[in-house]
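> Go ahead and model the full structure; you've got the sequences and the hints to work with.
Number of protein chains: 2
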Amino acid sequence: MDKRPIGMFDSGVGGMTVLKEIKNKLPNENIVYLGDTKRFPYGSKSKETIIELTKKGIEFLLKKNVKIIIIACGTATSQALDVVRKIYNIPIIGIIEPTVEYIYNKQNIKRIGVIATNGTIRSNGWEKSIKEKINNIFVTNKACPLLAPMAEEGWTNNEIAKLAISKYLEDINNVDALILGCTHYPLFEGVIKQVLGDKTEIINTGKTIAEFTKKLLKDKNIENKELNNDYKIYLTDIECNFVNIAKELIKEDLIINKAEI
Amino acid sequence: MDKRPIGMFDSGVGGMTVLKEIKNKLPNENIVYLGDTKRFPYGSKSKETIIELTKKGIEFLLKKNVKIIIIACGTATSQALDVVRKIYNIPIIGIIEPTVEYIYNKQNIKRIGVIATNGTIRSNGWEKSIKEKINNIFVTNKACPLLAPMAEEGWTNNEIAKLAISKYLEDINNVDALILGCTHYPLFEGVIKQVLGDKTEIINTGKTIAEFTKKLLKDKNIENKELNNDYKIYLTDIECNFVNIAKELIKEDLIINKAEI
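Read top to bottom, the protein sequences are chains A and B. Heads up, the first sequence is in our numbering, so the first residue is 1 and it goes up one at a time. Heads up, the second sequence is in our numbering, so the first residue is 262 and it goes up one at a time.
Hints are computed from structural coordinates only; laboratory data are not their basis. Predicted model only: the values in this text are computed from it and were never measured. One should not assume that every hint holds.
[What the hints assert, rightly or not] The calculated BS3-like cross-link candidates involving lysine-lysine, where the alpha carbons are at most 30 Å apart (straight line), are:
#1 B:K519 to A:K47
#2 A:K56 to B:K317
#3 B:K493 to A:K47
#4 A:K220 to A:K207
#5 A:K218 to A:K64
#6 B:K508 to A:K47
#7 A:K193 to B:K264
#8 B:K264 to A:K142
#9 B:K367 to B:K468
#10 B:K476 to A:K258
#11 A:K207 to A:K47
#12 B:K284 to A:K47
#13 B:K508 to B:K454
#14 B:K325 to A:K142
#15 B:K284 to B:K479
#16 A:K142 to B:K519
#17 A:K251 to A:K67
#18 B:K428 to A:K193
#19 A:K162 to B:K428
#20 B:K284 to B:K428
#21 A:K251 to A:K225
#22 B:K519 to A:K55
#23 B:K512 to A:K167
#24 B:K519 to B:K286
#25 A:K47 to B:K264
#26 B:K475 to B:K324
#27 A:K162 to B:K454
#28 B:K308 to A:K63
#29 B:K479 to B:K308
#30 B:K324 to A:K55
#31 B:K475 to B:K281
#32 B:K475 to A:K251
#33 B:K428 to B:K493
#34 B:K264 to B:K508
#35 A:K167 to B:K403
#36 A:K56 to B:K428
#37 B:K324 to A:K47
#38 B:K371 to B:K476
#39 B:K512 to B:K347
Below, the structure written as structure tokens:
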């Protein structure tokens, strides 16, 4: 039993799609969420910069006395997770491992597509992690650099979103499942389903992370067993569209705090 | 008479639209162009970061023995120009001043629209500079954060570009002229013309900068009077779509060099 909050870090509000799933799956847990909206997007930044910013984010969360940290950002996971795990003495979960675990446990996925930011696709982190754990799996990668900026504009379900997604998914045919390798992408889930049809399973990393986190808290015996949920949202820049997106996703009147990091 | 090159700095390849106009207007001049593609886009970065990166860019160009510097980036102009002008002892031209000069000399522009990145619009640099010099002018601003990333994707003349531009220009009606306040935007000039029709003059800052630079070189007597043009392009990251866009714009077989800054 451990009432300390779960810490979550993202480059913006994309990680809110993960927060939503954690909230559903682990309703007792307190959460401190930090979105580095001032420096968004991470997708086009160098590895060194992403490591530096992720360290700053983690240090902010450590001061909030969190018990575990979820890096709810595809780019920060693929570029910085290995490094920060060696520095900080706290369990840190990224978005790749829980999803690979999920695919591993499903026997029917043999051909998989991954969509993500430029930085994530270039790092090849998804393909490497999938193939390390699973034999005989075919992976197709596609960078979709416009999707995260479109999500921040709130353009997730208009004609522009539909056309952009159709264009990006042109080359991804005949896969059993598609991983949404950036935490913004579940915002486009409706449109992606329309484009791909029913045959393809869409893997929302928020759901796999929530499942993985639940198991980790249980294994370490650090669950919060009393209903005591408190969500604290910090953003490094609060004058942004993100606030509306976050509120829409979470469907609660969130109080947004400014974080100076 | 001065054979030293003109230095140009941009966050990416947007400044190539300026290079194209300089090349047309000042065919004798040698040019060294630096595009900070590794750190693109600047539009969403903090003022401090943009100043730091612009200083690095200028120092790179100074080592190339340039005679003047053009900051061919809307965001760097609005956030960093004032600061760097105080630091470096070389004429530095941004994208705002030449355009304000152009509007000042035209009597018929009374209502003007400005489209640019988030950072540029938030800084209010365009509106302030226009109103400082010109009385009784009405200015409407609109941030278009997706356009520069779309330009890098090469999506400048497809259905997605048309829809995005129509959406962004919805609120800009009845202006005499529209300033393309980001140097990427001339890549969309065809589509913007289709959306706005003939009544609105589209001001390509590349053209106003070329005119302004020509006058400045003449006034200071540092023109290159012999035909001796040499274009050196440096990018901080050369694995990018930008190379194709640059080549298409300039219609020459450009040699792209990697700059380590």
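> Against each hint, give a clear statement of whether it holds in the structure.
Status of each hint after checking the structure:
A C-alpha spacing of about 18 Å is found between K519 (chain B) and K47 (chain A), which places the hinted pair at or below 30 Å, so the restraint holds. Of the supplied pair hints, the one linking K56 (chain A) and K317 (chain B) holds, its CA atoms being roughly 24 Å apart against a limit of 30 Å. Straight-line distance between C-alpha atoms of K493 (chain B) and K47 (chain A) comes to about 27 Å, which keeps the hinted pair within the 30 Å bound. Annotation: proposed proximity of K220 (chain A) to K207 (chain A) holds, straight-line Cα distance about 20 Å (limit 30 Å).
Restraint check: the Cα-Cα separation between K218 (chain A) and K64 (chain A) comes to about 22 Å, which is no more than 30 Å; the hinted pair holds. Taken as a hint, the K508 (chain B) and K47 (chain A) pair is honoured in the structure, with Cα atoms around 28 Å apart against an allowance of 30 Å. Of the supplied pair hints, the one linking K193 (chain A) and K264 (chain B) is violated, its CA atoms being roughly 59 Å apart against a limit of 30 Å. The hinted pair formed by K264 (chain B) and K142 (chain A) fails the criterion: a straight-line CA distance of about 46 Å is larger than 30 Å.
Taking the CA atoms of K367 (chain B) and K468 (chain B), the gap is about 15 Å. The hint holds against a cut of 30 Å. A C-alpha spacing of about 47 Å is found between K476 (chain B) and K258 (chain A), which places the hinted pair above 30 Å, so the restraint is violated. For a cut-off of 30 Å, the pair hint linking K207 (chain A) to K47 (chain A) stands: about 27 Å separates their Cα positions. Using a Cα cut-off of 30 Å, the hinted pair K284 (chain B) and K47 (chain A) is violated, with the two alpha carbons roughly 36 Å apart.
Restraint check for K508 (chain B) and K454 (chain B): satisfied, since their Cα atoms lie roughly 23 Å apart, inside the 30 Å limit. This hinted pair does not check out: K325 (chain B) and K142 (chain A) have alpha carbons roughly 38 Å apart, beyond 30 Å. Between K284 (chain B) and K479 (chain B), the direct Cα distance comes to roughly 16 Å. Compliance with the 30 Å bound is thereby established for this hinted pair. The hinted pair formed by K142 (chain A) and K519 (chain B) meets the criterion: a straight-line CA distance of about 25 Å does not exceed 30 Å.
Distance restraint check for K251 (chain A) and K67 (chain A): the Cα-Cα separation of roughly 26 Å lies within the 30 Å cut-off, and the hinted pair is therefore satisfied. Of the pairs offered as hints, the one joining K428 (chain B) and K193 (chain A) holds, with about 24 Å between alpha carbons and a cut-off of 30 Å not exceeded. About 15 Å separates the Cα atoms of K162 (chain A) and K428 (chain B), which keeps this hinted pair within 30 Å; it holds. Simply put, K284 (chain B) and K428 (chain B) have alpha-carbon atoms about 33 Å apart, too far for the 30 Å limit, and the pair is violated.
Under the criterion of a C-alpha separation no larger than 30 Å, the hint pairing K251 (chain A) with K225 (chain A) is consistent with the structure, at around 24 Å. Taking the CA atoms of K519 (chain B) and K55 (chain A), the gap is about 29 Å. The hint holds against a cut of 30 Å. Taking the CA atoms of K512 (chain B) and K167 (chain A), the gap is near 27 Å; set against the 30 Å cutoff, the hint holds. Restraint check: the Cα-Cα separation between K519 (chain B) and K286 (chain B) comes to about 27 Å, which is no more than 30 Å; the hinted pair holds.
For the hint pairing K47 (chain A) with K264 (chain B), the CA-to-CA distance comes to about 39 Å; that exceeds 30 Å, so the pair is violated. The hinted pair formed by K475 (chain B) and K324 (chain B) meets the criterion: a straight-line CA distance of about 23 Å does not exceed 30 Å. Of the supplied pair hints, the one linking K162 (chain A) and K454 (chain B) holds, its CA atoms being roughly 24 Å apart against a limit of 30 Å. Among the hinted pairs, K308 (chain B) with K63 (chain A) is consistent with the structure: their alpha-carbon atoms are about 27 Å apart, no more than 30 Å.
For the hint linking K479 (chain B) to K308 (chain B), the alpha-carbon distance of about 33 Å lies beyond 30 Å, and the restraint is violated. Annotation: proposed proximity of K324 (chain B) to K55 (chain A) is violated, straight-line Cα distance about 34 Å (limit 30 Å). Note on K475 (chain B) and K281 (chain B): the hinted pairing holds, with a Cα-Cα distance of about 14 Å set against a maximum of 30 Å. Note on K475 (chain B) and K251 (chain A): the hinted pairing is violated, with a Cα-Cα distance of about 57 Å set against a maximum of 30 Å.
Of the pairs offered as hints, the one joining K428 (chain B) and K493 (chain B) is violated, with about 37 Å between alpha carbons and a cut-off of 30 Å exceeded. As the CA atoms of K264 (chain B) and K508 (chain B) are separated by approximately 25 Å, the hinted pair is consistent with the 30 Å bound. Between K167 (chain A) and K403 (chain B) the alpha-carbon distance is near 27 Å, which keeps this suggested pair within the 30 Å criterion. Of the supplied pair hints, the one linking K56 (chain A) and K428 (chain B) is violated, its CA atoms being roughly 37 Å apart against a limit of 30 Å.
Proposed proximity of K324 (chain B) and K47 (chain A) is supported: the alpha carbons are some 27 Å apart, at most 30 Å. At roughly 25 Å between alpha-carbon atoms, K371 (chain B) and K476 (chain B) fall within 30 Å of each other, so this suggested pair holds. Of the pairs offered as hints, the one joining K512 (chain B) and K347 (chain B) is violated, with about 36 Å between alpha carbons and a cut-off of 30 Å exceeded.
Hint violations for this structure: numbers 7, 8, 10, 12, 14, 20, 25, 29, 30, 32, 33, 36, 39, all remaining hints satisfied.
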